[in-house]
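*Asks:* Based on the hints, put chain B in the right spot on chain A.
Protein chains: 2
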Amino acid sequence: MKVRLLTLLALLAAAALPAAPPVELKQAVRSYREGHDRQIVQELADLVSLRNVASNRADIQRNADAMLALLHRHGIEGRLLTAATRDGQTAPPAVFAEVSNPKAKRTIVFYAHYDGQPADAADWGGQDPWKPVLRTGPRGPETKDVDLANLANAPSPLPAEWRLYGRSTSDDKAPIVAVLAALDALRAAGVPPSVNIKFFFEGEEEAGSPHLKDILTAHAGLLKADCWILADGPVHQSRKLQVVFGARGVTDVEMTVYGPSHALHSGHYGNWAPNPAALLVQLLAGLRGPNGEIRIEDFYRDVRPLSESEKQAAAAMPPVEDALRKELELAWTEGDPAGTGRLQDLVMQPALNLRGLQSAQVGKGARNAIPTDASASIDFRLVPDQTPERVHELTEAHLKKQGYWIVHEEPDAATRLAHPRIVRLVWGTGYPGARTSMDLPASRAVLRAIETGWGPVLRVPMLGGSVPVYVFNETMQVPIIALPIANHDNNQHAAHENLRLQNLWDGIEVYAALFAKLQESWP
Amino acid sequence: MKVRLLTLLALLAAAALPAAPPVELKQAVRSYREGHDRQIVQELADLVSLRNVASNRADIQRNADAMLALLHRHGIEGRLLTAATRDGQTAPPAVFAEVSNPKAKRTIVFYAHYDGQPADAADWGGQDPWKPVLRTGPRGPETKDVDLANLANAPSPLPAEWRLYGRSTSDDKAPIVAVLAALDALRAAGVPPSVNIKFFFEGEEEAGSPHLKDILTAHAGLLKADCWILADGPVHQSRKLQVVFGARGVTDVEMTVYGPSHALHSGHYGNWAPNPAALLVQLLAGLRGPNGEIRIEDFYRDVRPLSESEKQAAAAMPPVEDALRKELELAWTEGDPAGTGRLQDLVMQPALNLRGLQSAQVGKGARNAIPTDASASIDFRLVPDQTPERVHELTEAHLKKQGYWIVHEEPDAATRLAHPRIVRLVWGTGYPGARTSMDLPASRAVLRAIETGWGPVLRVPMLGGSVPVYVFNETMQVPIIALPIANHDNNQHAAHENLRLQNLWDGIEVYAALFAKLQESWP
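Listed in order, the protein sequences are those of chains A and B. Per the working numbering, residue 5 is the first one in the first sequence, and the count goes up by one each step. Per the working numbering, residue 5 is the first one in the second sequence, and the count goes up by one each step.
The set of hints was computed from the structure by calculation and includes no laboratory data. Glycine is no exception: its CB is placed at the ideal position from the N, C-alpha and C atoms. Hints are supplied without guarantee of correctness; some may be wrong.
What the hints assert, rightly or not - Far from chain B, some chain A residues (derived; all Cβ distances over 10 Å):
id: 1; residue: Gly39
id: 2; residue: His40
id: 3; residue: Asn60
id: 4; residue: Ala95
id: 5; residue: Ala101
id: 6; residue: Asp127
id: 7; residue: Lys135
id: 8; residue: Arg359
id: 9; residue: Pro472
id: 10; residue: His500
Claimed, not checked - Below, a list of computed lysine-lysine pairs in the DSSO-like style, where the Cα atoms sit at most 30 Å apart:
id: 11; chain 1: A; residue 1: Lys148; chain 2: A; residue 2: Lys228
id: 12; chain 1: A; residue 1: Lys330; chain 2: A; residue 2: Lys315
id: 13; chain 1: A; residue 1: Lys368; chain 2: B; residue 2: Lys217
id: 14; chain 1: A; residue 1: Lys109; chain 2: A; residue 2: Lys30
id: 15; chain 1: B; residue 1: Lys228; chain 2: B; residue 2: Lys135
id: 16; chain 1: A; residue 1: Lys404; chain 2: B; residue 2: Lys368
id: 17; chain 1: A; residue 1: Lys404; chain 2: B; residue 2: Lys109
id: 18; chain 1: A; residue 1: Lys404; chain 2: A; residue 2: Lys228
id: 19; chain 1: B; residue 1: Lys404; chain 2: A; residue 2: Lys368
id: 20; chain 1: B; residue 1: Lys107; chain 2: B; residue 2: Lys202
id: 21; chain 1: B; residue 1: Lys368; chain 2: A; residue 2: Lys368
id: 22; chain 1: A; residue 1: Lys202; chain 2: A; residue 2: Lys228
id: 23; chain 1: A; residue 1: Lys30; chain 2: A; residue 2: Lys244
id: 24; chain 1: A; residue 1: Lys404; chain 2: A; residue 2: Lys315
id: 25; chain 1: A; residue 1: Lys405; chain 2: B; residue 2: Lys368
id: 26; chain 1: A; residue 1: Lys202; chain 2: A; residue 2: Lys109
id: 27; chain 1: A; residue 1: Lys217; chain 2: B; residue 2: Lys217
id: 28; chain 1: B; residue 1: Lys30; chain 2: B; residue 2: Lys217
id: 29; chain 1: B; residue 1: Lys107; chain 2: B; residue 2: Lys228
id: 30; chain 1: A; residue 1: Lys368; chain 2: B; residue 2: Lys405
id: 31; chain 1: B; residue 1: Lys135; chain 2: A; residue 2: Lys405
id: 32; chain 1: B; residue 1: Lys30; chain 2: B; residue 2: Lys107
id: 33; chain 1: A; residue 1: Lys330; chain 2: B; residue 2: Lys405
id: 34; chain 1: B; residue 1: Lys404; chain 2: A; residue 2: Lys330
id: 35; chain 1: B; residue 1: Lys244; chain 2: B; residue 2: Lys148
id: 36; chain 1: A; residue 1: Lys148; chain 2: A; residue 2: Lys244
id: 37; chain 1: B; residue 1: Lys202; chain 2: B; residue 2: Lys109
id: 38; chain 1: A; residue 1: Lys148; chain 2: A; residue 2: Lys135
Here chain A stands alone, though its shape is the one from the complex (with noise of 0.2 Å):
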C-alpha cells in the first residue's frame, strides 16, 4: 500500500520538481559531498551504532559523550547542558556546541535531537536496530545489502537512492551527520557561515521531552538567539525540501457513557432500558459532523485566522489529493465533499479525529444484549491560538448543554441512579499548536537565504500533525523555523527506519546554503 502511494507521488513530484538555481557554492559544497560521501556515511552508520533509547540513561550518557567527540573531531568543542530535576537529579543532558562568526549579526540555534524509539530485532526481520544496513534502494526482493566496511569498491559518488537502514538514521541522527559535513564544506569553500551557529542537541526528545523546558530555562542566556531552525522530521512526500512554519497542538478524551449496571437481554428489556451505545451515537453525533465540522459551541472562536503568506504558501502546496484519494480508496474527502478541498488547507484547520468506537461486540461476538456502557477516543488537532485547556473546558460545556453529568473516575451507584446521562470523561494532557508567522523579518531571512542558496522549497504554513513546538516558542520567545531533511518513507517510530541517501546529500547542501546566505538575507 505505502509503496504504492509513495510510487504516485514520487513520479507526480519529479514532473513538478523546478531546476534548483545554478549557485557556485552549492557546486561547492555538492563537490565536497561527493569526495567525502564515504565518510560521511561511515560517520552516520557509525552514530547509529550507539544504542539510543531515550528512556535508557546509559544509552543516552553514552550517546552525549559520542556527540562531544564527534563535535571535537570537527574541530568544535562542545558541552552537555542538564537541569535539576523534580527529585533532586540531574536531567539526561543535551549537548550544546557553539560556531561563531565575529562579524556575524545575527544568531541562530539548531536544533536536533540523538535519541531514538525503542525497537526490537523481531520486528525488524532479525537486523539489530542498532546494527546499521545500507541497502541498494528500500527493502525488497530488488535490492541487496552493501559491505559498509568495503565501501571504497561503491560506485562513486555513491547512488542517490541508496537506504542506509537503522534506529535514528534519520530520526535523528541524520541531520546531525549533515550540519556537521555543511560547515566542513563550507571550511573546505572558504566559506565561514554568515551567522553565528549554536547546536541544541537534546537526548530525550523520544520520551516526550520531559526536562526540555527545564534545561532550556535553565541555559536562556546560553541559547539567546534570533531564529531556532528546528532540524527533525521529514521533507513533504512529493520529496520536495520544505521549510515548516508550525505544526497542529493536540489533545485527546476517551469518553464512556452509561447503561444498565449489568448486561440484559435485549428482548425483555428493549426498548426501556437505556442503551449506552445509542446515546454515545447521539453524543458524537453532536460534537462532530460527517465533514469534519466541529459542534462544540465556540470550538473555532480561538482560531487565529491564516494570512495571506499562509493562504497563498498553502495555495502553492503540490496537487497530492488526487493521487491519494486514488491510492486510499476515496470517492470523497472531507471539508469539502465535492471533492476539491486541499490537503493544506484542511489540516490548518482544528481537528476532531473519532479514533476509536467499543461498545460490547460486533460480528461474530455479538449477542441480543443492551450493553452495559459505550465508549469512543478522541484526539482534537489544535491551532494557534487554541490550547487543551480551552478545548477541555469548551468540549465539557457542550455536553453539559446536552445534559451529560461529568465525572472523571467511573461512576458509583448513587451517582448513577442521580443523573440519567452520564459522560465519564478521561483527558490527556496534550500541547498546544504553533504557527511561526511567515511574515517575520526572521522567517523571511530563512526562506530568502535558502532559495538563493540552494532553491526553491515549499513554504508549509504549518504540519497537521503534531510537534511540541510550543515549548520553544513559550520559552525561547524567538521564532522557530523547522527545515527537515528526512525522506517521508523513513519509516520513522517504526521497524526499518531508514535514510535514503539524496536526503542526506540535500541536508548538506541545504544546511550548507542557510548557513551561508543567511546573514545577507536578514537586513
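*Replies:* Coordinates of chain B only, in the frame set by chain A:
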C-alpha cells in the same frame, strides 16, 4: 447482582400475590403431589441424567427412547414423529402421544422439548451438568447438597425452595414430568381430563428447530387440535404464573462503513480523509433516537395495534419498574424519559438494540489514526405484523435515502472509488413476532380454566424476548398459548441451570386445573 434483583422482585411479588381460590380439585392434586414428591423429583432427576445436547443425534435418540419408556410407565403409549430432510435423511424425532376422553369436544396439543443446550462441567464448578444435584436452595454458602439416593430421609413434603440443578431441569424437562404427574393426580382423584390431550415433545428446539416445520407439516392430521399449549420458558420475575399470548420476533444486522483503505495519521490527514467512525455515528443516530424511537421511515406502519384486552392485561402487570431501576442503577428509562414508562408496554413495541460498536481501539490501545472502518451490530425486536424481510427492506431504503450505497460483501477498490458513502450490511435471518388474540374463544377458555381451577395468573399479551411461535402459527393455524412453569432465575442456557421445586409443584397443579376445567370453560 442477579440475586439482589431477584430478592427485590420476590419481596414485591410476595406482597402482591393474591390467594388462590379454594378449589377442591386443587387440594386433591396437591395432596397427591405431597404424597409422591420423592418419585416426581426422582423421575425428573433420572430424565436429566440423560445427556441431551440438541445437536447430538445419539443423545437425542437416547432421550426420545427414554421419553417413550416414561410415557409407557404412566400408561401412555407414544410414538416418534419424524420427516424426511433435504439430504434424504430423517429429522431427529419428536415424541407424540395422545390421551383421549371420548366425551371431549376439544383437543389441545401440549408442547415441550426434551433436548437441551450444550454444557461444560468446567463452567458448572465441576458438576457434571447431566448428574443432577438437589440443593436446599439457590447455590451459595448457606445451601447444602441433598443426597438424591436418600430422599426418604428428607423432610416431607419436600421443601418448596429446594432446587434441582442440572441441564434441562427447567428448560424443558420439568414440564414433561409435571404434565405426567398432573395426569396421575387427576386419575387418582377420579377426574379425567376434560379435553383430548396430544403431546408433542420436540427434540431439537435448542438447535433452532430446523425440522420443526417439516415434522408439523408431515403430521398435520395427527396434530390437528383446537389450541396449542406451549410449556417452555419461565414464569414472571415476581414468581407469579403467567399465561403468555405471544413473543416478539427478531432479526439482526452487522453494519460496516468505510474510510481510507489503510489507517492514516490523524494529524497529517485529519479533516481531509473521511472518518468512518464519524459516518457511522451519524448513520446510527439517524436510525434510532436516545429514547428508543426508531427513525426508519414507515418502520411502525406494520405494527398491529394492541386490543383493549391486551392493554388492560399489560396495565395489570406487577409494577417491577422501580425495583428494576434501582437494581440496574438507572436514573431513567427509555420510551418515557420521565421514568414512568411501563416495561410491559415498551416491550410490546418494536425495538432497535445497538448491541455492539467497534472501530479501531479505545483506551490504552487508542492511537492517533483515522480508522479504516467502523462497525455496528444491531438486533431488531419485531412485533406483529412486521416481518424480517420488510424490516430489511425499510432499513435499506432508509439508508439509500441517506445517500448510502449498500453492499453485502466487502467492497472492492472500484466500488469504494465510485461511492462516497458505502455501508456493508450482513443480515441475519430471524423470524416474525406472534400474538394470539386474548379475545379468541380458546384464549378466554384457557384463562378461565386456569383461573377457576388454580387461581389468578398474569396475562401477558406478548413477551419482549423472542420465541419462534410463528412456526406453529403458520403451520397449524390455531391459537398458540404459552403456560411456562420454570422459575425465572433458572439460569436457562447457562451454567447451573436449576428448577425450584415450588415451580414444579405449581406446574403440576396448573396443568391439572387446565385439563380438568378446559372443556367447561370453552362453550
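*Asks:* Which of the listed hints are not met by the structure?
*Replies:* 8, 11, 15, 17, 18, 24, 27, 28 and 31
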